[in-house]
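Undergrad: What follows is the residue order along each chain.
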Amino acid sequence: MEPTPGIRPRPSLWRRLDGAARQSFPAATAAFGLIVVAGPLGLPGQAALGPAFALASVFFWSLYRPASMGPLVVFLLGLLGDILGQTPPGVLVLVLLLTHGVAVRWRRVLVRLGFLLVWFAFGALAAGVTVLFWLLCSALALRPMPLPATLLQFGLTVGLYPVLALLFIRAHRGVAAPERA
Amino acid sequence: MIRLSIPVRQALARLTLPVFIACAFALMVVGKADQLLAVRARSALGDALVPIYAVLARPAAAVRGYLADAYGLLDLARENARLRALNARLERWRAVALALDAENARLKAALHWIPTPTPPFVTARIVADAGGVYARSAMVATPPGAPVAQGAVALDGSGLVGRVTGVGQRSASILLITDINSRIPVTLARGHARALMVGSNGPDPRLIYWPEGSLPAEGERVVTSGIGGVFPPGLPVGRVHRGPGGTVRVVPAAHLGRLEMVRLFDYHALLMPHAGRKGP
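Protein chains in written order, with my numbering: chain A, 6 to 186; chain B, 734 to 1013.
Simulated from the structure, these hints should not be mistaken for lab results. Just to be clear, a hint being listed does not mean it is correct.
[To be verified] Some chain B residues well away from chain A (every beta-carbon gap over 10 Å; in silico):
| id | residue |
| --- | --- |
| 1 | Q743 |
| 2 | R775 |
| 3 | L816 |
| 4 | N820 |
| 5 | L831 |
| 6 | K841 |
| 7 | P848 |
| 8 | G865 |
| 9 | N914 |
| 10 | L1003 |
[Claimed, not checked] Here are some chain B residues pointing at chain A (derived, C-beta under 7 Å):
| id | residue |
| --- | --- |
| 11 | A771 |
| 12 | V772 |
| 13 | A774 |
| 14 | Y786 |
| 15 | A790 |
| 16 | A863 |
| 17 | G924 |
Glycine included, every Cβ here is placed at the ideal spot set by N, Cα and C.
Given the sequences, and given the hints that come with them, work out the whole structure.
TA: Listed below in structure tokens is the structure:
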């Protein structure tokens, strides 16, 4: 893509590093969050936090900054989540890729909507992919997985989104904004 | 960089997502065909993360400790009364245990009993016990070069915790007895009836396949039976509890909710002292 015309500072090494850091902020925070959430925090229902966090991150950044949350990044995040969360490899990968695909496809409609409507859309999408997550895990283990854990995961995913979105919006306009580099 | 025309670039951009989705399906097939692959990946990642988690564990444990202290201060009087009653009961049991111990020693001496040796073990700190949405497991930090074997049995101070399913350089993962994939042959201590303990991802595993006519009694002790050769016989597992709807459950003796340290016993080294057991 051609840069917009105008006067801009010389791209020194620091400026480029700063730009790269801002570019990779979404992926880095998502990976870091996945690792911390799988750590020894001792929270109740902690196991469901990982997929919930990954889903909310992928959805938010695919919607508002798809350049920083491409399919490769989503794939790698899914892989990390699968290994950390001990789901069969590929399950979270597929779920996150589908979330990313839906978010990118509906982008033009969703970015114009208010926060509550976006949250509602995310809830509907989360319901779908959580069911898919359960189906894939059950099919690959050849036995039905417990439903309470699935419900908890869905609840956490929907409940976590506003909190994360609040933080992400601030980051989107502040530390992670590429135009501020 | 290769210069591509705009339509080609757009077509490629549109293709990336389907290609990655196909890769995800391929990953599922490969992961199902070679289950060791995921275990190895997990061990490698565990090795990388163990130092981070070990650092993270300290403040987290401190916060949990403060919370427990604060909570304990709230009903100090009731806790004291409970502990006094418990202490009185334990004193009585101590006398019984000492008498039984002496009798046991006398009988063993009379029979020229060969004592079963203690298997080699290492004590390891739990650094992460979050598990997964559909998995109950824990990760321990093991000192480099420590002899932790695949299949080693994990016990905490009061009972069976699980078994080692993945061994890395500095970490090992333990499949807890509450995991949905856990199947443990057990014996009911009172009638010596055998049964199978099946994990359900919940806090209390279920008991199935007990012989007809010997319904497990409430509060009955459950120990491992040793059938199958994975667990040695006689390890304390828990107590029988009749759940709602007539399900028979086992309340684990180990404190699986707040694991801190476990001992990993290598019983196979005892059975086959010269076989360097590796692999699943």
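Undergrad: Each hint: holds or not?
TA: The hints, checked one at a time:
Distance check on Q743(B): its Cβ is at least 12 Å (rounded) from any Cβ of chain A, clearing the 10 Å threshold; non-interface status holds. Distance to chain A contradicts R775(B) as a non-interface residue, since its nearest Cβ pair spans about 6 Å, not more than 10 Å. Every Cβ of chain A is farther than 10 Å from the Cβ of L816(B); the closest lies at roughly 25 Å, confirming the non-interface assignment. With a minimum CB-CB distance of about 29 Å to chain A, N820(B) clears the 10 Å threshold, and the non-interface call stands.
Residue-level check passed: L831(B) sits 38 Å from the nearest beta carbon of chain A, beyond 10 Å. Its beta-carbon lying about 43 Å from the closest one in chain A, K841(B) satisfies the requirement of being farther than 10 Å from that chain. Under the 10 Å C-beta cut-off, the non-interface status given to P848(B) relative to chain A holds; the minimum distance is some 38 Å. For G865(B), the condition that its CB be more than 10 Å from all CB atoms of chain A is violated, with the nearest at approximately 4 Å.
A beta-carbon of chain A comes within 10 Å of the beta-carbon of N914(B); the shortest separation is about 8 Å. No beta-carbon of chain A is positioned within 10 Å of the beta-carbon of L1003(B); the least distance is around 30 Å. For A771(B), the interface hint holds, the least distance from its beta-carbon to any beta-carbon of chain A being 5 Å, beneath 7 Å. Using the Cβ-Cβ criterion of 7 Å, the hint placing V772(B) at the interface with chain A is not satisfied: the shortest such distance is roughly 10 Å.
Hint status for A774(B): holds, given a least beta-carbon distance of 5 Å to chain A, under 7 Å. For Y786(B), the suggested interface contact is upheld, since its CB lies about 5 Å from the closest CB of chain A, less than 7 Å. Interface hint status for A790(B): upheld, as the beta-carbon distance to the closest one in chain A is roughly 4 Å, under 7 Å. The interface hint given for A863(B) is met, as the beta carbon of that residue sits about 5 Å from the closest beta carbon of chain A, less than 7 Å.
With a cut of 7 Å, the hint placing G924(B) at the interface with chain A is violated, because the nearest CB-to-CB distance is about 30 Å.
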